[in-house]
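Q: Numbered continuously in this note's numbering, the sequence shown closes out at residue 572.
Misleading hints may appear alongside valid ones.
Listed next, with one range per pair, are the computed distances between beta-carbon atoms [said to hold, decoys possible]: (1) Glu210 <-> Asn496: 17 to 27 Å; (2) Glu472 <-> Gly303: 40 to 50 Å; (3) Arg467 <-> Glu569: 45 to 55 Å; (4) Val513 <-> Ala457: 24 to 34 Å; (5) Glu570 <-> Pro281: 41 to 51 Å.
I should point out that these hints are in silico values taken from the structure, not numbers from a laboratory.
Virtual Cβ for every residue (Gly too), placed ideally from N, Cα, C.
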Amino acid sequence: MIEFFDNRLQHRDLRAALHEALDRVVDSGHLILGPHVARFEQEFARWNGSAHAVGVANGTDALVIALKGLGIGPGDEVVTVANTAIPTVNAIRQAGAQPVFADIREDTWLIDAQDLARRITSRTRAVIPVHLYGNPADLPAILAVANRAGVPVIEDCAQAHGAGIGGTRVGNFGAAGCFSFYPTKNLGALGDAGLITTGDDALAEKIRRWRFYGYDAGRLSQEVGQNSRLDELQAAFLLEKLARLDGWIARRRDLAGIYRAALPEGVVGQQPTPGGTHAWHLFVVRARNRDALREKLHRRGVATAVHYPVPVFDHPAYRDLNQDLPVTRAVVCENVSLPLYPEMADEDARRAAAAVAECLAEESP
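Kindly generate the complete structure, drawing on both the sequences and the hints.
A: Following this line, the structure appears as structure tokens:
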């Protein structure tokens with residue numbers, strides 16, 4: 208079986224380094240917001256080309272804190288997409304704001320700047336483009352719309368470590384960039400972890416206070432804040448992985464290239480954004496008979512996944528947000544994620560592509 212994802216392969220190769228990182232944290236006596244967190248923040252900011260990087264407990268908190276740091280709350284609207292993971296929309300709700308959805312482009316499956324412009328109202332206070340599957344959204348077009356409306360952009364970079372536009376990595380275009388280090392990500396922790404990037408000195412300081420009960424340097428709470436601290440152990444693990452991240456992303460791009468060359472003509476996959484650099488967190492194609500294709504692939508020894516099976520507004524908790532988004536609904540009903548991770552062999556990618564071709568040939572009249 209070609210597994211869809213198996214982090215044990217990565218951790219097997221890193222076992223010695225991860226155990227050494229654990230020992231360093233234990234021996235240091237610093238377990239919360241200590242030297243490993245500070246160093247990881249500095250190293251990630253350097254790697255990503257960001258002025259500031261602030262570690263938090265998880266990617267959802269990163270979005271919530273960025274929204275609250277920009278003063279967004281009850282009565283405000285935030286425009287995003289519905290073909291995303293629940294955390295994007297959950298964070299807007301946690302901040303007290305109202306999610307509004309824009310439709311996506313047929314080619315990149317990312318927020319459509321033209322439709323975004325139609326969704327902005329006098330109550331809009333932010334836009335959250337999602338760099339889905341590692342593909343950077345069309346940030347120049349999105350920023351042009353947002354700037355005309357006078358609203359900030361918060362980038363959801365949870366799946367896009369290493370993606371960029373015109374040589375600049377995501378997380379540096381909007382007011383803030385929000386990263387997740389959930390174990391499946393391009394840079395994954397051994398548990399939950401997240402981070403916020405920003406070029407705004409004042410916002411960075413506010414975020415640092417907010418993640419720790421609003422405390423200033425003198426332990427006086429300047430705002431209500433919350434408890435969302437990146438712990439030392441996860442920071443130490445992430446430091447070990449960050450040093451290897453460029454190689455892992457390059458490997459993902461190689462595998463994506465194999466897929467794109469080997470898949471039969473007519474297979475529709477996510478198209479990279481023009482001028483963008485795709486990080487290939489996932490390799491996703493469309494299939495009219497998604498469930499049947501997945502079952503046939505499983506019988507041929509190829510595991511698959513679906514990211515995500517329904518639009519956000521089809522989840523019971525979010526049905527009040529239902530909107531007419533024809534492209535979103537069409538894409539979400541057909542997407543299938545094929546195996547792709549750095550430890551995967553070239554031959555496995557070719558075998559998976561061949562299995563897709565065989566399955567589709569069976570469907571042909």
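Q: Looking at the structure, which of the earlier hints fail to hold?
A: When the structure is compared with the hints, only number 3 turns out to be violated.
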